[in-house]
Amino acid sequence: MTRPWDFPLQYATAIDRELVARARNLRPLLAENTGRAEAERRLPDETIAALAGAGLLKLTVPKRYGGHEAGFATFLGVAAELGRACGSTAWIATLLNVCNWAVGTYPTETRDEIFGADPGATTCGVLAPTGTARRVGGGYQVTGSWGFASGCLHADWTLMGVAVIDDAGQTVDHGNVLMRMSEVAIKDTWYVAGMRGTGSNTVSAEDVFVPDRRFQRLALGPDAATDPHPGEPLYRSAVVPVLALVLAGPQLGLAQAALDHTLATIGERGISYTFYEQAAQAPSVQFAIAEAAQLIDTAALHVFRAAHDIDTAAAGGEAMDVTQRMRVRMDTGHAVACTRRAIDLLIDANGAASFAEKHPLQRIWRDANTAARHAVVGPDISKEAYGRALLGLDQMTPMI
1 MTRPWDFPLQ
11 YATAIDRELV
21 ARARNLRPLL
31 AENTGRAEAE
41 RRLPDETIAA
51 LAGAGLLKLT
61 VPKRYGGHEA
71 GFATFLGVAA
81 ELGRACGSTA
91 WIATLLNVCN
101 WAVGTYPTET
111 RDEIFGADPG
121 ATTCGVLAPT
131 GTARRVGGGY
141 QVTGSWGFAS
151 GCLHADWTLM
161 GVAVIDDAGQ
171 TVDHGNVLMR
181 MSEVAIKDTW
191 YVAGMRGTGS
201 NTVSAEDVFV
211 PDRRFQRLAL
221 GPDAATDPHP
231 GEPLYRSAVV
241 PVLALVLAGP
251 QLGLAQAALD
261 HTLATIGERG
271 ISYTFYEQAA
281 QAPSVQFAIA
291 EAAQLIDTAA
301 LHVFRAAHDI
311 DTAAAGGEAM
321 DVTQRMRVRM
331 DTGHAVACTR
341 RAIDLLIDAN
351 GAASFAEKHP
361 LQRIWRDANT
371 AARHAVVGPD
381 ISKEAYGRAL
391 LGLDQMTPMI
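Counting in UniProt numbering, the sequence shown runs from 1 upward without gaps.
In short, the hints are calculated from the structure, not lab data. Worth double-checking, as some hints may not be accurate.
As the list claims (entries may be wrong) - Straight-line C-alpha distance at most 20 Å; calculated SDA-like pairs for lysine to any residue:
hint, residue 1, residue 2
1, LYS187, GLN395
2, LYS383, THR397
3, LYS63, LYS187
4, LYS358, ALA193
5, LYS358, LYS63
6, LYS358, ALA39
7, LYS383, GLN395
Stated by the list, open to error - Distance windows between CB atoms, simulated:
hint, residue 1, residue 2, range
8, ALA353, PHE287, 39 to 49 Å
9, GLN170, ALA353, 31 to 41 Å
10, LYS63, ALA31, 49 to 59 Å
11, ASN25, SER182, 26 to 36 Å
12, ALA31, VAL192, 51 to 61 Å
13, GLY169, GLU18, 43 to 53 Å
14, LYS63, ALA224, 23 to 33 Å
Here the structure is a predicted model, which is why all the values come from computation and not from measurement. Glycine residues also receive a C-beta, built at the ideal position from the N, C-alpha and C atoms.
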């Protein structure tokens with residue numbers, strides 16, 4: 001059975017298709033480690049080593065440092081394949097790679113420090129400015145606490161949002177700072193129902209000095225578009241559309257995993273209190289499976305359209321306008337809603353047995369519903385933002 005991301009990736013380069021194939025080949029190992037990841041609330045070291053060994057944590061590292069500098073269609077394809085085996089693994093790979101992409105937008109001096117010293121360096125991050133940065137000689141003094149820091153247990157660096165404050169404690173600017181993980185603390189706060197294996201704990205910093213080269217002013221929207229590294233279009237991609245879109249990759253994989261499992265097992269059981277000895281013979285089950293498959297296809301069409309829009313604009317040196325940016329948000333939010341609905345339909349088709357602890361669908365359902373609540377991919381906010389853009393109204397969010 002073909003996967004919904006096979007069609008857009010047929011136009012990818014050979015190395016891009018190879019990266020997706022590597023992710024596909026890791027699925028048996030990832031599936032084997034899923035229970036352990038849930039129990040330990042973090043990915044096993046074996047899983048991280050396998051991702052690194054396959055080059056799947058260097059998707060967005062510049063080629064000049066030994067990375068793949070892959071476009072976002074490839075990024076999504078890799079995440080979706082990983083998600084078919086383990087949602088937590090797909091999520092961590094997504095966050096580490098998108099944070100490495102953000103590092104790629106920094107000046108050459110900073111990139112040399114991070115990737116030049118270690119081409120396999122990984123970065124976690126939280127964009128929310130829940131820390132403060134006070135100007136001092138040569139840089140900033142940073143203090144703060146950042147929750148939901150996915151990847152913090154496996155990262156070398158952390159990229160955190162800060163409010164720049166003056167001597168009176170008033171906010172005068174916003175930005176991101178890069179700190180070594182050895183300079184910060186990790187608080188064990190990740191006790192959740194879904195995506196348990198991500199270990200998305202809280203990171204805190206206390207008076208950490210960050211040199212100027214590792215501070216980046218927060219610049220969002222078309223007017224802030226830059227071309228930091230001519231000849232490397234990936235790093236002029238629109239920031240907020242990228243940060244939203246990549247979160248759909250794991251969701252695609254989780255929904256496809258639910259469909260794969262259902263197709264493989266639905267003929268093994270009947271429907272209680274009916275004459276159906278095989279659930280697959282029931283029209284209600286047939287309708288549910290057909291609708292779920294179509295919803296997954298719909299989600300893929302939207303996210304790969306959005307990836308094409310981002311990649312094409314970056315390659316052409318064009319700044320995406322507000323409407324284009326908000327269409328990516330809309331595509332992402334709608335895709336995530338489609339995958340959630342698809343999983344619900346498949347759960348219905350499989351019945352209450354889906355919620356047994358040993359049943360894979362209950363984990364898929366928990367993971368997908370947890371990840372779908374990320375604020376950047378909320379479908380209702382995405383609809384409002386896109387509607388405002390189409391009507392020419394002012395936006396209600398700085399995330400443009």
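Cross-check of the supplied hints:
For the suggested pair LYS187 and GLN395, the alpha carbons sit about 35 Å apart, so the restraint of at most 20 Å is broken. With a C-alpha separation of about 12 Å, the suggested pairing of LYS383 with THR397 holds against the 20 Å cut-off. About 34 Å separates the Cα atoms of LYS63 and LYS187, which puts this hinted pair outside 20 Å; it is violated. Of the pairs offered as hints, the one joining LYS358 and ALA193 holds, with about 15 Å between alpha carbons and a cut-off of 20 Å not exceeded.
Between the alpha carbons of LYS358 and LYS63 the distance comes to roughly 42 Å, so the proposed pair goes past 20 Å and is violated. At roughly 13 Å between alpha-carbon atoms, LYS358 and ALA39 fall within 20 Å of each other, so this suggested pair holds. A C-alpha spacing of about 12 Å is found between LYS383 and GLN395, which places the hinted pair at or below 20 Å, so the restraint holds. For the pair ALA353 and PHE287, the supplied restraint of 39 to 49 Å is violated, since their beta-carbon distance comes to about 20 Å.
About 58 Å separates the C-beta atoms of GLN170 and ALA353, a value inconsistent with the hinted range of 31 to 41 Å. In this structure, LYS63 and ALA31 break the distance hint of 49 to 59 Å, their C-beta atoms being roughly 31 Å apart. One distance hint, 26 to 36 Å for the beta-carbon pair ASN25 and SER182, holds here, with the actual separation near 33 Å. A beta carbon spacing of about 21 Å between ALA31 and VAL192 contradicts the range 51 to 61 Å that was offered as a hint.
Checking the proposed 43 to 53 Å range against GLY169 and GLU18 shows it holds: the Cβ atoms sit about 52 Å from each other. A beta carbon spacing of about 25 Å between LYS63 and ALA224 agrees with the range 23 to 33 Å that was offered as a hint.
This entry does not satisfy hints 1, 3, 5, 8, 9, 10, 12, going by the numbered hints stated previously.
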